[in-house]
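Peer 1: Listed below are the residues making up each chain.
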Amino acid sequence: AQSVTQPDIHITVSEGASLELRCNYSYGATPYLFWYVQSPGQGLQLLLKYFSGDTLVQGIKGFEAEFKRSQSSFNLRKPSVHWSDAAEYFCAVGRMDSSYKLIFGSGTRLLVRP
Amino acid sequence: DTEVTQTPKHLVMGMTNKKSLKCEQHMGHRAMYWYKQKAKKPPELMFVYSYEKLSINESVPSRFSPECPNSSLLNLHLHALQPEDSALYLCASSQDGREGRSYFGPGTRLTVT
Chain A
1 AQSVTQPDIH ITVSEGASLE LRCNYSYGAT PYLFWYVQSP GQGLQLLLKY FSGDTLVQGI
61 KGFEAEFKRS QSSFNLRKPS VHWSDAAEYF CAVGRMDSSY KLIFGSGTRL LVRP
Chain B
1001 DTEVTQTPKH LVMGMTNKKS LKCEQHMGHR AMYWYKQKAK KPPELMFVYS YEKLSINESV
1061 PSRFSPECPN SSLLNLHLHA LQPEDSALYL CASSQDGREG RSYFGPGTRL TVT
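Protein chains in written order, with the working numbering: chain A, 1 to 114; chain B, 1001 to 1113.
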């Protein structure tokens, strides 16, 4: 069965510090992988996605993620965090059949210290 | 226009009420979704419409009734809800089943009293 694990429930970083959010997946075939961000009380915004090709994916707001098949991971990174990055981050895996379905991880809440 | 809109933003209803949530997109997307999200949890898929036909129902109780009147609109009709149904209800759309990019609306915060 497909599953997504985000091992960190909370992460706190100082503003300007680098960030890495972990995501591991279990999937029988090549996965389609996504990172979404959700600010409190808001909907989800897609940060980036991986379908195929270059394993280092660039997204919006200065985020990037690297797909590592050998580790079944798709970790999200940002070199310098801004206070506005404080939010909930969800990793998701999707399957591309006629109506695809996203399987979400449990989320990681990012807190940013001034 | 890369926006999914949802109305209302907030809804408080009693257990005997009937209400509807609305979702609209004008991106020409042919797949639309309803998700339910409880506090501090990830979204859970409820329904998927593909080309205006219901293609996935994730064993949702019949007190939730989806409707897709046309390719731009998605409704969720609510009747006889329970307090545990209180949650953020998110609508999303995508080009079709193959693109894999969902645009999410801001959600409707539902409270059942």
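Please note that the accuracy of each hint is not assured.
[What the hints assert, rightly or not] Derived, one-sided and incomplete: chain A residues facing chain B with beta-carbon distance under 10 Å:
1) V81
2) W83
3) G94
4) G105
[Said to hold, decoys possible] Calculated cross-link-like contacts (lysine-lysine; reagent style DSS-like; alpha-carbon spacing at most 25 Å):
5) B:K1040 <-> A:K61
6) A:K61 <-> B:K1053
7) A:K49 <-> A:K61
8) B:K1018 <-> A:K49
9) B:K1022 <-> A:K61
10) A:K49 <-> B:K1041
11) B:K1038 <-> A:K101
12) A:K101 <-> B:K1040
13) B:K1041 <-> A:K101
14) A:K101 <-> B:K1053
15) B:K1019 <-> B:K1036
16) B:K1036 <-> A:K49
17) A:K101 <-> B:K1018
In short, the hints are calculated from the structure, not lab data.
Since this is a predicted model, take the numbers as computed values, not measurements.
Think of the CB as a built atom: it goes at the ideal place given N, C-alpha and C, for glycine as much as any other residue.
Peer 1: Indicate, hint by hint, whether the structure satisfies it.
Peer 2: Structure-based check of each hint:
no. : hint                : verdict
1   : V81                 : violated, 21 Å
2   : W83                 : violated, 21 Å
3   : G94                 : holds, 5 Å
4   : G105                : holds, 6 Å
5   : B:K1040 <-> A:K61   : holds, 23 Å
6   : A:K61 <-> B:K1053   : violated, 35 Å
7   : A:K49 <-> A:K61     : holds, 14 Å
8   : B:K1018 <-> A:K49   : violated, 38 Å
9   : B:K1022 <-> A:K61   : violated, 30 Å
10  : A:K49 <-> B:K1041   : holds, 21 Å
11  : B:K1038 <-> A:K101  : holds, 19 Å
12  : A:K101 <-> B:K1040  : holds, 21 Å
13  : B:K1041 <-> A:K101  : holds, 17 Å
14  : A:K101 <-> B:K1053  : holds, 15 Å
15  : B:K1019 <-> B:K1036 : holds, 16 Å
16  : B:K1036 <-> A:K49   : holds, 22 Å
17  : A:K101 <-> B:K1018  : violated, 29 Å
Hint compliance for this structure: hints 1, 2, 6, 8, 9 and 17 are broken, all remaining hints hold.
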